[in-house]
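Based on the provided sequences and hints, a complete structural model is requested.
Protein chains in written order, with the working numbering: chain A, 188 to 534; chain B, 188 to 534; chain C, 188 to 534; chain D, 188 to 534.
It should be emphasised that the hints constitute simulated quantities derived from the structure, not laboratory data.
Mixed in with the good hints, there may be bad ones.
Note that identical chains are pooled: a pair holds if it fits in a single copy or bridges any two copies.
[Stated by the list, open to error] Here are the simulated DMTMM-like pairs of lysine to aspartate or glutamate, each with C-alpha atoms no more than 20 Å apart in a straight line:
1. Lys232 with Glu220
2. Lys202 with Glu213
3. Lys411 with Asp379
4. Lys340 with Asp379
5. Lys232 with Asp379
6. Lys411 with Glu315
7. Lys491 with Glu315
8. Lys229 with Asp306
9. Lys229 with Asp241
10. Lys411 with Asp314
11. Lys445 with Asp371
12. Lys411 with Asp309
13. Lys445 with Asp379
14. Lys491 with Glu213
15. Lys230 with Asp379
16. Lys202 with Asp471
17. Lys411 with Asp502
Just so it is clear, the structure is predicted and the values come from calculations on it, not from any experiment.
Number of protein chains: 4
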Amino acid sequence: MIHFNSDYLEGAHPKVLQALVDTNMEQTIGYGEDPYCARARKKIKAALQAPQADVHFLVGGTQTNTTVIASVLRPYQGVLSAVSGHINCHETGAIESTGHKVITLPTSDGKITARQIADYVDWHRNDESVEHIVYPGMVYISFPTEGGTLYTKAELQEIYDTCRRCGLYLFIDGARLGYALAADACDLTLSDLPSLCDVMYIGGTKVGLLFGEAVVIFNDALKKGFRPIMKQRGAMIAKGRLLGVQFDALFTDDLYTKIARNAIDMAHQIRDIFVSNGYPLLFDSPTNQQYPILPDAELAILGKDFGYEYWQRVDETHSGVRFCASWATTQEQVDALRQAVNALHNR
Amino acid sequence: MIHFNSDYLEGAHPKVLQALVDTNMEQTIGYGEDPYCARARKKIKAALQAPQADVHFLVGGTQTNTTVIASVLRPYQGVLSAVSGHINCHETGAIESTGHKVITLPTSDGKITARQIADYVDWHRNDESVEHIVYPGMVYISFPTEGGTLYTKAELQEIYDTCRRCGLYLFIDGARLGYALAADACDLTLSDLPSLCDVMYIGGTKVGLLFGEAVVIFNDALKKGFRPIMKQRGAMIAKGRLLGVQFDALFTDDLYTKIARNAIDMAHQIRDIFVSNGYPLLFDSPTNQQYPILPDAELAILGKDFGYEYWQRVDETHSGVRFCASWATTQEQVDALRQAVNALHNR
Amino acid sequence: MIHFNSDYLEGAHPKVLQALVDTNMEQTIGYGEDPYCARARKKIKAALQAPQADVHFLVGGTQTNTTVIASVLRPYQGVLSAVSGHINCHETGAIESTGHKVITLPTSDGKITARQIADYVDWHRNDESVEHIVYPGMVYISFPTEGGTLYTKAELQEIYDTCRRCGLYLFIDGARLGYALAADACDLTLSDLPSLCDVMYIGGTKVGLLFGEAVVIFNDALKKGFRPIMKQRGAMIAKGRLLGVQFDALFTDDLYTKIARNAIDMAHQIRDIFVSNGYPLLFDSPTNQQYPILPDAELAILGKDFGYEYWQRVDETHSGVRFCASWATTQEQVDALRQAVNALHNR
Amino acid sequence: MIHFNSDYLEGAHPKVLQALVDTNMEQTIGYGEDPYCARARKKIKAALQAPQADVHFLVGGTQTNTTVIASVLRPYQGVLSAVSGHINCHETGAIESTGHKVITLPTSDGKITARQIADYVDWHRNDESVEHIVYPGMVYISFPTEGGTLYTKAELQEIYDTCRRCGLYLFIDGARLGYALAADACDLTLSDLPSLCDVMYIGGTKVGLLFGEAVVIFNDALKKGFRPIMKQRGAMIAKGRLLGVQFDALFTDDLYTKIARNAIDMAHQIRDIFVSNGYPLLFDSPTNQQYPILPDAELAILGKDFGYEYWQRVDETHSGVRFCASWATTQEQVDALRQAVNALHNR
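Here is the structure:
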């Protein structure tokens, strides 16, 4: 059985794991104030060319989204998100559990537009019942999106300009950021991001670490009190250096970029496996997540040897599913998939 | 200027106000444990033919919806509601502020169906990511709905049967319940409700009181701890007898039904004023809220002498608006409206 | 049976009630944007000599404390309060329900000192685990306190100076403010308060209204977003004009001060009734709440004809209890108490 | 520099780390549903002799306390805790952030008694204002306590009997449970715990793991919905198998007990180092945390070479501090401390 269900199926990249092994018996103080966290912060700020940014290390994605959003909003405010956004669909109401509504905008491919944001703000401001309607306080987008799609630099710039004009903060969920930046279709780099949002996070769990997400706060107005909020939300782990050691390794010798590139190469092949056999795609994804549409009967056969994630029903006999590549995906795994799909198609 | 904007424009029905005047200098203990509250509870339970019910008096609608929903749900659960439901649109995220997501179901006229509820539950249960998706814990409907429409007894029965089969509680928001029961199209009475839901409230603010909503809990499982939750949410007022005195008056000599009937009579005339002049309706409402569609130019003229509530844009030159009648609406007010609309139409 | 249990036993002062009767059938728009609320706001700001203040009308005390505190604090902050503070003891965890800890300071008479506040802030700032301990964000005091005691102007000034120096907001709970200002021992007036705190409320429920508390925000930094938070917390009632009409009447011809004075006169007599008969006092209260200590056996006898509130056990055979006077207390009621206590003492 | 500040200074026990290395490139499904978690659950239930228990793996202590308590309480309830309890002092208001008050009981050594619990419940039930006071819903104790002290089996039994009689759930925070069970003074074993509480957790972070706490729910009434609450609170990590792999190793060949014993042996020596040199102790701790009292001048000297945690001021020239041993503490480290303290004393 070979699994393509997700990008968190294995442990850590060997170099990251080795760093944990090498430092295991060292003594350091806790809660992220150790030298490894300091070094990792420095490297991340250098990679972003954002020396004034604050960098904090958290454990997982839901925790990170919740902590950031709860730290930004006032009680009467909500967060604008694509209806398909992770915070709206897959976090068991974590945002609402902090008292805030997720205000949803429609989308077909996971992306939202500057125009949608501006229109919502205009409508809200001009509604007679404005005080009876949740105020938009920030915008949440993910890059890449849940559908694996990417914003262009121009689109991001327009969204951020709109946010600033409307008094909204912009937060970019970068759980899979590495797989965006490594994609051929991506027209921006890590160092473009500080001028394109107020706060973001660089996901480690899905790109080479055992676990870990690095929140980067660019906007000074959002920096105050983040550490006590982390602690309150259980996001400040005792052995904080585990995160520092891992991110330090990930941002050494450009490991982050290199291992993300493997995922893109493998994802291209996966895409080609399905497209060349005539299967349509649910989304046109340039990143590590691919969404072919298959007949249910063929999925049943394929599912005996290959793990994938069910995404959505397309019609009575077809479904869209997700095949993920990651830093850990091997050529052998993809070759096995190719052979199986070819055989399936030529039954 | 005559206002038809809403059904909370005046104070209290004269008999209700007189009861407050008559009892003003009496001394009673606070927080709803006085003899007037006891008497009002008794009358409400008699009217509902629900001797085992618990009755609590709260001040306003948002407070009541929030208190009931927060008292019913577990932290990981949300409440199913029509997307147009008051709790989703007009309470500034009050439900979310208690940690719970409002899970929305589409609707064209404010109503949802048993089938929609069952489908949602089925989907949730069978989704691979069930634990990552907010669990439905209860269903919220309003009777009448935000569009003034009514569920039939059979529809309510089917919804409640579905809720019980699916392990969901059913909560009926009766902010305008009196105007539902008084409508010709309504095929149920107050005493049908105990077998059609777990908890409901009888709205007083819009039907004759200065303020006040009577929560009625039928299901024993929901009775425990409601008073401390009321207190915690600021819903237990010191001079609780003010609510008892008012509801006592409202449920004496069937005042509640009689004054609601006036609203229906006036609303029928309002409807006729517009329909007979050829204006279409946004919703086909049998209750006290009427929703004619008018050209914007004519609305501007009408708005000089008559208050209405803007509801939604229909096309570039037409809007749907709301005209409300209430227990306080007079024949003179409606006659003035008729004259104005006739004139408008015959310009 | 004559009740001295509390100061919310009767309805409204006759002039206030008459104002409600006089305006009952008028049509006004809702949610506090009517002319009566405007007029009441103007009169309150005039009385405070605070033309720049924001004034909002809410229904009850718990609701008001919760709304104000939730609107001021960031998620990681708590509110400093005397351990006997109303928010700590008698609101069923309402503050905590909004996510904030009540940080308690010891007190013997309900008052806290500037020094206690400064010491707490110093300790917190210098603790190694500062990020693991709730941050103080504001200070809550009540004037008069739960023990009926008063801060002097100098004490309040010192507390507020300390708050400003430490970056804390100061909130004064004025549920019984009128009874403080009317006391002989009070060395400040309404117009002193704008320079002694950031936000306060003028309680109406206990001083002449059916219900109602007027929040006054002096500090510009706390003004934004208060109305949507009110709505979210169920504190913005539909017929908002009921609050405007009442406060308008209460601040006409100095009614607020005059009726509060009656309570003080009656309380002095109550105090004298007990002291002259040799009963000690639990607190030395110059306001409308008096706390004599009586043998339990005598309390049992007195309790047959007079209502009082049990406060605390003093020793095995004695208890401290509360007798309240209010705007509504009559000379006849007090005379009856005097006769009974004299008789009790001379058994 | 040798650190005795805490028991989370190093990484994981070598056998635990090796298990992570050995399984690193395996593919498993996420969120705790993998075979390693299954195996670890089985071993933990066997060690507890509690085959019916539910076992869940979370990341850290604050997260675990918050998730458990939020899953148990109703909105109007709070949790009883020693005033020195971790949830009251060192979690930045995490419990309050979920809406619940921590109700504190006084303590001198970190322990509370069955009598204190019963007295609180009695007082609450009999108070006139019962509905205005937070209801106790559960009791939180830690074993060992913050002061390193232990409850006897009889004390725990009495506490749990009291809880059951009063309708309260009992939760044992076992962040350092291993160090309690390994202590000579401990008169109970792991398998006694299922009959002594409703829910507990076995701490891994401080006893041999990189991170990880195992919640064990014995009471069926508390089992429902725990996984979605974990997810909502960010406590369900993607690569859940990291926790399974670690706990599997920790509960293989009794590793948990063996490594905890090392901490006790070293702590005994640390205690002896101070006592034999005439230094008094703040608490009489039989576990891995030792609390000697030293002159500030000597602490300053010692602090140049040895890390300790400042605990509290004793008098103007003396302080109580904490020295922790752990599974990782070596004889060499302790010998160095002995030499230094002897030298200090013989200056």
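Hint check results:
{"no.": "1", "hint": "Lys232 with Glu220", "in the structure": "within (16 Å within a copy, 36 Å between copies)"}
{"no.": "2", "hint": "Lys202 with Glu213", "in the structure": "both (18 Å within a copy, 16 Å between copies)"}
{"no.": "3", "hint": "Lys411 with Asp379", "in the structure": "neither (24 Å within a copy, 33 Å between copies)"}
{"no.": "4", "hint": "Lys340 with Asp379", "in the structure": "within (8 Å within a copy, 56 Å between copies)"}
{"no.": "5", "hint": "Lys232 with Asp379", "in the structure": "within (12 Å within a copy, 51 Å between copies)"}
{"no.": "6", "hint": "Lys411 with Glu315", "in the structure": "between (34 Å within a copy, 18 Å between copies)"}
{"no.": "7", "hint": "Lys491 with Glu315", "in the structure": "between (57 Å within a copy, 17 Å between copies)"}
{"no.": "8", "hint": "Lys229 with Asp306", "in the structure": "neither (39 Å within a copy, 36 Å between copies)"}
{"no.": "9", "hint": "Lys229 with Asp241", "in the structure": "within (10 Å within a copy, 42 Å between copies)"}
{"no.": "10", "hint": "Lys411 with Asp314", "in the structure": "between (33 Å within a copy, 18 Å between copies)"}
{"no.": "11", "hint": "Lys445 with Asp371", "in the structure": "within (13 Å within a copy, 53 Å between copies)"}
{"no.": "12", "hint": "Lys411 with Asp309", "in the structure": "between (30 Å within a copy, 19 Å between copies)"}
{"no.": "13", "hint": "Lys445 with Asp379", "in the structure": "within (19 Å within a copy, 52 Å between copies)"}
{"no.": "14", "hint": "Lys491 with Glu213", "in the structure": "between (45 Å within a copy, 18 Å between copies)"}
{"no.": "15", "hint": "Lys230 with Asp379", "in the structure": "within (16 Å within a copy, 50 Å between copies)"}
{"no.": "16", "hint": "Lys202 with Asp471", "in the structure": "neither (33 Å within a copy, 45 Å between copies)"}
{"no.": "17", "hint": "Lys411 with Asp502", "in the structure": "neither (50 Å within a copy, 35 Å between copies)"}
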